[in-house]
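The primary structure of each chain is shown beneath.
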Amino acid sequence: MTMQGVQGEERTDLTKAESREIRRRSLRLLSSLVKPIRARLGIGFVAITIAQALRVAGPTLIALGIDQALPAAMKNDWTPLWLVAGAYLLSAIVTAVLQSFFIQYAARTNQNVLFDLRQRIFKHTQRLSIDFHETYTSGRVISRQTNDLDSIKELLDSGGNEMIAGLLSMIFTGIALMAQNQGAFGILLISFIPLGFLTRWFQKNTKLEYRKTRVASARLIVHFVETMTGIRAVKAFRKENANQEKYDVLVEDYRYVNARVIQLFGVFDPGLKMIGNITVAAILFIGGSQVIHGDLGLGVLTASILYARRFFDPMESIAMFYNAYQSAGSALEKISGVLEEEPSVPEPANPVALNNPRGHLAFNDVEFHYANGKTVLPPFNLDIPAGQTIAMVGTTGAGKSTLAKLVSRFYDPTHGAVTLDGIDLRSIANDNLRQAVVMVTQEAYLFSGSVAENIALGKPGATDEEIVAAAQAVGAHEFITSLPDGYNTDVNKRGGRVSAGQRQLISFARAFIADPAVLILDEATSSLDIPSERLVQIGLQTLLAGRTAIIIAHRLSTVSIADRVLVLEHGRIIEDDSPAVLIAGTGKFSKMHKAYRDSLV
Amino acid sequence: MNNNGTVATLLRIFPYAKKALPRISLGMGAALAGQMFALSIPQFLLHLVNSLASHGTIAKLIPLVLLVLLMGALEACMTLLRRWFVLTPGTHVEAGLRRSLYAKLQDLPISFHDRWPSGQLLSRVTGDLSLIRRWLSFGLVLFIANSITIVIGLAVLFSFHWILGLIFLVCSVPIWFRGYRFEKEYHTVARLSQDQAGDLATSVEEAVHGIRVLKAFGRGDFMAGKFATDADSLLKTELKKAGLSANILIYLILVPEFAVGLSLFAGVWLVASHQMTVGALVAFFATATVLRWPTESVGFLLSMTQDAKTAVERFFEVIDAPVDITDPEQLQTITKPLGRLEFKDVHFRFADTAADKPDLLRGVNLVLEPGESVALIGITGCGKSTLTALTTRLYDVTGGQVLVDGIDVRDLSREELRSHIAMAFEDATLFSASVRENVLLGNPDASEAELKQALEIAQAQFVYELPEGLETRIGEEGMSLSGGQRQRLALARSVAAKPEILVLDDPLSALDVDTEAMVEAALRTVLSTTTALIVAHRPSTVQLADKVALLEEGRITAFGKHSELLATNAHYRYVISSLDEEAAK
Ligand SMILES: Nc1ncnc2c1ncn2[C@@H]1O[C@H](COP(=O)(O)OP(=O)(O)OP(=O)(O)O)[C@@H](O)[C@H]1O
Ligand SMILES: Nc1ncnc2c1ncn2[C@@H]1O[C@H](COP(=O)(O)OP(=O)(O)OP(=O)(O)O)[C@@H](O)[C@H]1O
Ligand SMILES: [Mg+2]
Ligand SMILES: [Mg+2]
Numbered sequence: 001m002t003m004q005g006v007q008g009e010e011r012t013d014l015t016k017a018e019s020r021e022i023r024r025r026s027l028r029l030l031s032s033l034v035k036p037i038r039a040r041l042g043i044g045f046v047a048i049t050i051a052q053a054l055r056v057a058g059p060t061l062i063a064l065g066i067d068q069a070l071p072a073a074m075k076n077d078w079t080p081l082w083l084v085a086g087a088y089l090l091s092a093i094v095t096a097v098l099q100s101f102f103i104q105y106a107a108r109t110n111q112n113v114l115f116d117l118r119q120r121i122f123k124h125t126q127r128l129s130i131d132f133h134e135t136y137t138s139g140r141v142i143s144r145q146t147n148d149l150d151s152i153k154e155l156l157d158s159g160g161n162e163m164i165a166g167l168l169s170m171i172f173t174g175i176a177l178m179a180q181n182q183g184a185f186g187i188l189l190i191s192f193i194p195l196g197f198l199t200r201w202f203q204k205n206t207k208l209e210y211r212k213t214r215v216a217s218a219r220l221i222v223h224f225v226e227t228m229t230g231i232r233a234v235k236a237f238r239k240e241n242a243n244q245e246k247y248d249v250l251v252e253d254y255r256y257v258n259a260r261v262i263q264l265f266g267v268f269d270p271g272l273k274m275i276g277n278i279t280v281a282a283i284l285f286i287g288g289s290q291v292i293h294g295d296l297g298l299g300v301l302t303a304s305i306l307y308a309r310r311f312f313d314p315m316e317s318i319a320m321f322y323n324a325y326q327s328a329g330s331a332l333e334k335i336s337g338v339l340e341e342e343p344s345v346p347e348p349a350n351p352v353a354l355n356n357p358r359g360h361l362a363f364n365d366v367e368f369h370y371a372n373g374k375t376v377l378p379p380f381n382l383d384i385p386a387g388q389t390i391a392m393v394g395t396t397g398a399g400k401s402t403l404a405k406l407v408s409r410f411y412d413p414t415h416g417a418v419t420l421d422g423i424d425l426r427s428i429a430n431d432n433l434r435q436a437v438v439m440v441t442q443e444a445y446l447f448s449g450s451v452a453e454n455i456a457l458g459k460p461g462a463t464d465e466e467i468v469a470a471a472q473a474v475g476a477h478e479f480i481t482s483l484p485d486g487y488n489t490d491v492n493k494r495g496g497r498v499s500a501g502q503r504q505l506i507s508f509a510r511a512f513i514a515d516p517a518v519l520i521l522d523e524a525t526s527s528l529d530i531p532s533e534r535l536v537q538i539g540l541q542t543l544l545a546g547r548t549a550i551i552i553a554h555r556l557s558t559v560s561i562a563d564r565v566l567v568l569e570h571g572r573i574i575e576d577d578s579p580a581v582l583i584a585g586t587g588k589f590s591k592m593h594k595a596y597r598d599s600l601v
Numbered sequence: 001m002n003n004n005g006t007v008a009t010l011l012r013i014f015p016y017a018k019k020a021l022p023r024i025s026l027g028m029g030a031a032l033a034g035q036m037f038a039l040s041i042p043q044f045l046l047h048l049v050n051s052l053a054s055h056g057t058i059a060k061l062i063p064l065v066l067l068v069l070l071m072g073a074l075e076a077c078m079t080l081l082r083r084w085f086v087l088t089p090g091t092h093v094e095a096g097l098r099r100s101l102y103a104k105l106q107d108l109p110i111s112f113h114d115r116w117p118s119g120q121l122l123s124r125v126t127g128d129l130s131l132i133r134r135w136l137s138f139g140l141v142l143f144i145a146n147s148i149t150i151v152i153g154l155a156v157l158f159s160f161h162w163i164l165g166l167i168f169l170v171c172s173v174p175i176w177f178r179g180y181r182f183e184k185e186y187h188t189v190a191r192l193s194q195d196q197a198g199d200l201a202t203s204v205e206e207a208v209h210g211i212r213v214l215k216a217f218g219r220g221d222f223m224a225g226k227f228a229t230d231a232d233s234l235l236k237t238e239l240k241k242a243g244l245s246a247n248i249l250i251y252l253i254l255v256p257e258f259a260v261g262l263s264l265f266a267g268v269w270l271v272a273s274h275q276m277t278v279g280a281l282v283a284f285f286a287t288a289t290v291l292r293w294p295t296e297s298v299g300f301l302l303s304m305t306q307d308a309k310t311a312v313e314r315f316f317e318v319i320d321a322p323v324d325i326t327d328p329e330q331l332q333t334i335t336k337p338l339g340r341l342e343f344k345d346v347h348f349r350f351a352d353t354a355a356d357k358p359d360l361l362r363g364v365n366l367v368l369e370p371g372e373s374v375a376l377i378g379i380t381g382c383g384k385s386t387l388t389a390l391t392t393r394l395y396d397v398t399g400g401q402v403l404v405d406g407i408d409v410r411d412l413s414r415e416e417l418r419s420h421i422a423m424a425f426e427d428a429t430l431f432s433a434s435v436r437e438n439v440l441l442g443n444p445d446a447s448e449a450e451l452k453q454a455l456e457i458a459q460a461q462f463v464y465e466l467p468e469g470l471e472t473r474i475g476e477e478g479m480s481l482s483g484g485q486r487q488r489l490a491l492a493r494s495v496a497a498k499p500e501i502l503v504l505d506d507p508l509s510a511l512d513v514d515t516e517a518m519v520e521a522a523l524r525t526v527l528s529t530t531t532a533l534i535v536a537h538r539p540s541t542v543q544l545a546d547k548v549a550l551l552e553e554g555r556i557t558a559f560g561k562h563s564e565l566l567a568t569n570a571h572y573r574y575v576i577s578s579l580d581e582e583a584a585k
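In order, the protein sequences belong to chains A and B.
Just so it is clear: in the first sequence, position 173 is 173 by my numbering, and no numbers are missing.
Just so it is clear: in the second sequence, position 544 is 544 by my numbering, and no numbers are missing.
FYI, nobody ran anything at the bench for these hints, they're computed from the structure.
Among these hints, one or two may not hold up.
Distance condition first, Cα-Cα at most 27 Å in a straight line; then the derived BS3-like pairs of lysine-lysine [as the list claims (entries may be wrong)]: (1) B:Lys-19 / A:Lys-246; (2) B:Lys-226 / A:Lys-35; (3) B:Lys-236 / A:Lys-35; (4) B:Lys-547 / A:Lys-594; (5) B:Lys-547 / A:Lys-374; (6) B:Lys-498 / A:Lys-246.
A few chain A residues that don't get close to chain B, going by computed Cβ distances all over 12 Å [stated by the list, open to error]: (7) Arg-20; (8) Ala-53; (9) Glu-466.
Quick reminder that beta carbons are idealized off the backbone N, C-alpha and C, glycines included.
Looking at chain A on its own, in the form it has when it is part of the complex (with noise of 0.2 Å):
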């Protein structure tokens, strides 16, 4: 098994190899996204170096003050005194000032990182192919950019800075300590054995854990979002209690990682300031007997068990920055796994540019199945050209919609190709292919948002009058004025504020405004009453002049505006030819056009 990508994702037992590759996957994101703030980074750096060097050198301050100051105040001189405590205060307020601007800095340094790795991963979900949505599940890819987002942002805030201000002063508190009393340095040496162990026993635990909670905290996601997209059904069909058990299940899964991996942090921090105060005393101990052999003053000693206490002061921050770094190390995992993820549909490299397209269609030696096998379209060659409207009928699950797709480029072909003015799809840019040919998909989705920026999506930047025309052309003018806000009524989620005709509608329209050279209507009229589809069928009639039109309709009547008819079974077509031939004939499309015109009234 491998771990390219988004595979294996939920997969906690790696193997060494594994680990390795994805840690490195992991690293060459954060350093991307590290790379265009370097020079901030300096400048913070600069910044909190100064801070804690000056915050260092209190103790140091305060032992003169003991060992030179006093002795002085003792003559009645008190210009030492004055000295350092001036210079204490100074310090002091320099510290707090340089400290609050990086922490200021800093947050605009991590809310850029954040920003920049948000839009990294919304733009890359928008161009992986459908087929990765289909397997990876629209819970994953949110539970990605929300969950594991708010992870690497808790590292941000939480310990980025704070990590940094704290291993500065740690050096520099080693530093000062070394420079003052030697013993005490060694000691200090000593006590990095032990503390490497806990951080290494820390860390390799943990990181198995995180990856489970990442793990978990999808799953959650995932059922969550189900249930609330399908509430209805939900309710309908009384699946809550069973959906709250399976959803109970999944909570204590995701509170049981959890609670491992913060008890792993339990015993982690204590252990930390455990050697922290042993250490203390340690120096406590050689420098008393320093000063009792009179090779230290008390000041030292005081500035040495200042500075043994305060070394370990960031170890905290430390250790919580720590965490947050594996936690956020197994979201980095999942996350550059979905950037790592290729569009199984690519932009092409060297595009070919298609000005002006006429819309003439070709499948040459097409041959589709979907990634699990069965072949849905046999290999088949298809010619449709420029300006023709065809109509496309068949059984369901025959296979229309899959056509279309191939003609939207949402999948490519497994083999053949599929041609626009003579060019491979796979070789025209994405956008331009999409200015070409558009697709009313079998779903109306409308988007949470005003009619009119619903509508609007078809032509981003369409003036007001260009999008009430297209409603008018379509027939939906007259409810949407009837709406409480009219064009600027917000559809609600999933437009559940409209009825499903009426969604058909404003999705027709956003096909109406984005004139492309090639329409593909799927089933774009299933939910219209009678009289509104013989709008929208008048409105076609001018709508399809001069374009290439692929409508696949279940209802006879749309196919009377047809130039041409293919009768789709089993993914062959079965007949193919001008409405009225196949009418008169005695094939498929004859019993069934006999059959619809019974059923009429």
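Given the coordinates of chain A, assemble chain B with the ligands onto it according to the supplied hints.
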């Protein structure tokens, strides 16, 4: 928001945290004890330094060092204890909140779900709840423990010398002022940021669910642009938050350090003038060092508290949302279900309908006798789907009654009502589960034969040819099916539920003529014994039903046999007949 507001809001979470409270309090105790041990160390230092200053010996040194060691070890143990006490219960509280939120969301009526953007719900169930957990098991505990520590520490400082103590006390005054202002300012921004995060989640979700439309129009980049605008607003809010934090942090760092600087001066002077021992001075600085972290932590603890408060508010916005479709207090049950469905002067209007607009449904009267099937006809947007939704109380009527076997649907439990009525919606919703589970959703105990029959009626035999037959996973996490295949499964599902009443909303719209005819033939056997309300647009579907009801301007304006209506009703002809136009050709 004032201080009271914060406390009152946060207190609301405690009923959910009841079980965890004892351990959280113990955790607080441990935290405090740990700090006290830390605070005690300087006291031993005092003796140690004083004894060193007066020519101490190793023998005197050792017990004191051991004491310091002991205190240090105890402090670490207390940290361990604190975490141990608090962490697991914290996760239980979070899980509990998460479950309640989900349960509530499932209970809330459709009208709520219509209104609420999906991302706002999602962000509540994920980000917000973990904020609350962290606050409970970390923020709250430390906030209280650290505050007490600071007060005690201040007292200890006073004990070294009142002047030194006073310096610290006076210096800390600006912190209190800043802290108070900070709380107010931060809260607004925190709220904004969490709401914006929810909006962003909504954009994410819609862009994923609507991916096909975006692809079909090549609008991925366009959406990404919109997304960037939203993300940018969030970025700005986050920066404001950081600005506020940085602002208060200046004080939190500066004040103690400033006080130490002043104390350095005062302390040396005090020692020089023999008002204080060197040991006390050293211990004083050591104590001040111990207090450094608790003081600085106040900053992020304050912001954490505000974040938690906002999260709690957002949580309760859902929990407090009224469930206006509930089970009645006086439950009635249908002892012998027959399947009579009656609409009696039914009125309905959506909450956001403009005041000057009439109700969507204004007096629907319709009776479906047991076993009778009625087709519901009307133009797009006239309220057919809405009417069907009233039967299972997805919405409640705003006037009049819907009766099943003579009992108002509002007098039945929702569970029972929905077991008598099965629906098929306009858009076939399948869940991530096997074909079997999807079809048997409303009747999990059905026999194999019943399942087979339901699939046959819906002409969904294609499922046997799927890679794993009935066990094939479908829905989002499984195989994608064609539009007509999905619709047939949804139909099979409603048939398999074996209800007394079937409510089918345009159930054959995605089927081709042949399949439709077969489904109709098969459905007739079911419909001979089942009451059915079938929304239809096509004459072919209408013929499935015994009678036809015409919905027009919110009322049933005609009811009768298809042929009768066709002959007598002009509007009916207009809605259902395509002959006029056909004839014109
Ligand atoms: N994404 C997919 N992955 C795998 N199989 C698929 C996918 N989409 C469709 N299929 C299968 O491919 C076949 C053809 O589906 P298609 O959607 O093209 O049918 P259709 O002719 O449009 O039918 P309908 O009239 O019901 O919409 C069906 O058997 C379906 O189950
Ligand atoms: N959640 C809602 N809030 C407010 N108004 C709504 C809501 N849902 C639907 N409407 C409005 O109520 C009217 C009736 O909608 P409904 O879905 O019942 O129509 P329908 O008769 O089923 O139409 P169709 O044949 O297109 O499915 C429509 O005009 C629609 O705009
Ligand atoms: Mg289809
Ligand atoms: Mg409807």
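Right, here's what the structure says about each hint:
| no. | hint | in the structure |
| --- | --- | --- |
| 1 | B:Lys-19 / A:Lys-246 | 23 Å, holds |
| 2 | B:Lys-226 / A:Lys-35 | 25 Å, holds |
| 3 | B:Lys-236 / A:Lys-35 | 22 Å, holds |
| 4 | B:Lys-547 / A:Lys-594 | 25 Å, holds |
| 5 | B:Lys-547 / A:Lys-374 | 43 Å, violated |
| 6 | B:Lys-498 / A:Lys-246 | 25 Å, holds |
| 7 | Arg-20 | 30 Å, holds |
| 8 | Ala-53 | 14 Å, holds |
| 9 | Glu-466 | 15 Å, holds |
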